[in-house]
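Engineer: Protein chains in written order, with numbering that gives the first Met the number 0: chain A, 0 to 101; chain B, 0 to 211.
Hints listed in this document are in silico derivations from the structure and should not be mistaken for laboratory results. This list has only true hints and no planted wrong ones.
Examples of chain A residues toward chain B, derived with CB under 10 angstroms: (1) Phe65; (2) Val68; (3) Ala79.
The following label-pair restraints were derived from C-beta to C-beta distances: (4) Leu98(A) to Arg27(B): 25 to 33 angstroms; (5) Leu116(B) to Val92(A): 40 to 48 angstroms; (6) Lys100(A) to Met163(B): 27 to 35 angstroms; (7) Glu55(A) to Ala66(B): 29 to 37 angstroms; (8) Gly120(B) to Asn56(A): 22 to 30 angstroms; (9) Ala93(B) to Gln87(A): 29 to 37 angstroms; (10) Gln87(A) to Val100(B): 35 to 43 angstroms.
Quantities reported herein were computed from a predicted structural model and do not represent experimental measurements. Backbone N, C-alpha and C define an ideal beta-carbon position, used for all residues, glycine too.
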Amino acid sequence: MVPLYMYLLVSAALFCIGLYGVLSRRNAIAILMSIELMLNAANINLVAFWRYGQPENISGQAFAAFVFVVAAAEVAVGLALIINIYRQRRSVVADDVDLMKW
Amino acid sequence: MELTVESLVFLLFSLITLGGGLLVVTTRNLFHGALFLMLSLFGVAGLFALLTAPFLAGIQVVVYIGAIAILIIFAIMLTPQVTATRPSNNQWIAALVVAVVLFALLASIVTPLMDELGVEGWGASFTETDPPPVPEDSIADLGAAFVDPQRFMLPFEVASILLMAALVGAVMMVRPSREDDEAPAPVEAAEVAEPAPPRADAVEPVLVESQE
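So here's chain A without its partners, still in its complex pose:
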């Protein structure tokens, strides 16, 4: 099979792409999409370690499934927040939301 470190390398690259997106994008929805990329990188790692470690122990897949649940909750609340902010400020640029900035 493909060596384990190839999967880890793809996962690391995907995580760093998502990190770049979170740090550099201005639009809040684009930041949320980059967070999705980072969560998927974590999922690839979980499933790859499950497969190459102890495939008879299903815990790796179970944790990946919990990551799905948390991602769905996170994106629902995040998009609701963004839409609410857009209603009040007519903007989805993250730098414009500076109400709690000291």
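Given chain A's structure and the hints, the job is docking chain B onto it.
Structural biologist: Coordinates of chain B only, in the frame set by chain A:
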């Protein structure tokens, strides 16, 4: 890594995943970014299938591509700033440096590159290539583990409560305010839909006349 069919499929799905991800964070049009996010998530589903996790591959397609990406597209449609003048802020060079340095660090740890270069104790050298085969009933085992009180039943219930609370909270947050509820739009619609007011007009003058 010798060139087999499996490694070719792995390279294909890796390219789809990473190429889609790069386009997500660099493209100017946010709607195109959401479509590229779907492509990248599809590549991740392919990697799951290659890792013999078919249930997670299916869930990835159904939940991520079918629900989360569509939700993101809805949000993009509701906030019409699709083509911003500048997609990235003025710290994108620092962000790029941070991302590249972190990737170099992670790559030097997970690959056996540093061991080959002669640096002792740096890499974790995950060089497993031939894991034991996956049990036949791994999906049934996953389902049983979720309802087993000794394993994942409590986290499973907590996750369902979390999802429920998050969805109710999201609905409450985007609910229109009280002033929007009392907007006169439905009344106007009813007047347009019912073009028979002469009856009321005919009754009223009669009443006025009788009073006079």
